[in-house]
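Colleague: Sequence:
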Amino acid sequence: MERVRPECDKAGKYCLLNSRWESINEPNLYFIGAPTRINDPDAASGFVHGFRCNIQALGHLIAEQQGMPLEPLFVCTLPSNEASSGLTSLAEYLVSMVSTTMPLFELYSYFGSMVTFERDDGTGAVHVKVWPPFPRQYNRERWDGTKTYVEVVFEYGFSRYGDGTLPTHYFTLPADHFDSSRSVYIHPVFHVFRDGVEVDQFHIQESLIGRWDLDDYVDEETNPDQYKNVAFNACACALGLNERRSMLPVLDEFLDNCYPLMTDKEVVEALSIQPTLALLSKVNQIGN
Numbered sequence: 001m002e003r004v005r006p007e008c009d010k011a012g013k014y015c016l017l018n019s020r021w022e023s024i025n026e027p028n029l030y031f032i033g034a035p036t037r038i039n040d041p042d043a044a045s046g047f048v049h050g051f052r053c054n055i056q057a058l059g060h061l062i063a064e065q066q067g068m069p070l071e072p073l074f075v076c077t078l079p080s081n082e083a084s085s086g087l088t089s090l091a092e093y094l095v096s097m098v099s100t101t102m103p104l105f106e107l108y109s110y111f112g113s114m115v116t117f118e119r120d121d122g123t124g125a126v127h128v129k130v131w132p133p134f135p136r137q138y139n140r141e142r143w144d145g146t147k148t149y150v151e152v153v154f155e156y157g158f159s160r161y162g163d164g165t166l167p168t169h170y171f172t173l174p175a176d177h178f179d180s181s182r183s184v185y186i187h188p189v190f191h192v193f194r195d196g197v198e199v200d201q202f203h204i205q206e207s208l209i210g211r212w213d214l215d216d217y218v219d220e221e222t223n224p225d226q227y228k229n230v231a232f233n234a235c236a237c238a239l240g241l242n243e244r245r246s247m248l249p250v251l252d253e254f255l256d257n258c259y260p261l262m263t264d265k266e267v268v269e270a271l272s273i274q275p276t277l278a279l280l281s282k283v284n285q286i287g288n
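Heads up: the sequence shown at position 225 corresponds to 225 in this note's numbering, and the numbers run straight through without jumps.
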């Protein structure tokens, strides 16, 4: 043990770890608890609820190292001639997952869950697997070479407003239903990769209750599939399909009624009452 000297950061506070929480210079020496903070300075790795998520993920990795294969959370096959219709069940699962996941929520921006798509050269069918959440760096290393995938991550959107330095108490603004990427508070994001390159992002609208498998208010105008459609569109994009479904909270036939355009006078009046509404204008966005 006297010869075990894990390399530390400059302050000597944390041991330097790779994406699997293993010492970068002492093979098979793993860390749990507070030391995992070195890889995650922003989310919950420095707290008990973050410890649980990191330890669970590390448990999967060590079990696999000992011969127990990693099992996907969800598996389905999309027939070559019905890929679009087959995506519906996948989208339903993904919405259920982001509504109940602890690791993705607590370890926002740090953990991601991979959705891999592998085409069968013989039949043309696409085999889909949804994998447990791991650190995003580990995901990139493990699935290096996978050409088509979606990585599901939770993110905040404060940086998309102003110059990215505005205090959080400014954000009493309404969400932009026509551009869910403008969601400020924590929400699921689907990063779409084709040929190993990110080609698009799809954001599910922020939620007051942090659930996307239900709607807290439903009437004849409500689009009950708005959240599932975000997941559907992300997966369709990954597969190169052109079909897109409405991600708005209301059905198309009620758009004009639910979103009447404001007159110039109404805009001026609204800005005089709440000047920070100007942040919603893309013209004023420096950081986007």
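If you're looking for bench data, these hints aren't it; they were derived computationally from the structure. The model shown is predicted, which means the values in this text are computed figures rather than measured ones. Keep in mind that a hint or two might mislead.
[Unchecked claim] Label-pair restraints from in silico Cβ distances:
1. E92 with D163: 35 to 43 Å
2. E198 with T123: 26 to 34 Å
3. G33 with Q66: 20 to 28 Å
4. A63 with S84: 53 to 61 Å
5. N242 with K265: 34 to 42 Å
6. D144 with Q65: 36 to 44 Å
7. A11 with E198: 31 to 39 Å
8. S272 with H169: 17 to 25 Å
9. L16 with R244: 42 to 50 Å
10. R211 with G46: 23 to 31 Å
11. D144 with L29: 17 to 25 Å
12. P6 with K147: 33 to 41 Å
C-beta: ideal position from N, C-alpha, C; glycine also.
Colleague: For every hint, state whether the structure bears it out.
Modeller: Taking the hints in turn, this is what the structure says about them:
Taking 35 to 43 Å as the suggested C-beta distance range, the pair E92 and D163 conforms, at roughly 39 Å. Under the hint 26 to 34 Å, the C-beta atoms of E198 and T123, about 28 Å apart, fit the expected range. Checked against the given bound of 20 to 28 Å, the beta carbons of G33 and Q66, roughly 21 Å apart, stay inside it. One distance hint, 53 to 61 Å for the beta-carbon pair A63 and S84, is violated here, with the actual separation near 36 Å.
Checking the proposed 34 to 42 Å range against N242 and K265 shows it holds: the Cβ atoms sit about 41 Å from each other. At roughly 18 Å, the beta carbons of D144 and Q65 sit outside the given window of 36 to 44 Å. At about 34 Å, the beta-carbon gap between A11 and E198 stays in the expected band of 31 to 39 Å. Between S272 and H169 the CB atoms are about 20 Å apart, so this pair conforms to the stated range of 17 to 25 Å.
In this structure the hint that L16 and R244 lie 42 to 50 Å apart at CB holds, the actual value being about 44 Å. Under the hint 23 to 31 Å, the C-beta atoms of R211 and G46, about 26 Å apart, fit the expected range. Checking the proposed 17 to 25 Å range against D144 and L29 shows it holds: the Cβ atoms sit about 24 Å from each other. Separation of P6 from K147 is about 36 Å and conforms to the stated range, judged on CB atoms against 33 to 41 Å.
This entry does not satisfy hints 4 and 6, going by the numbered hints stated previously.
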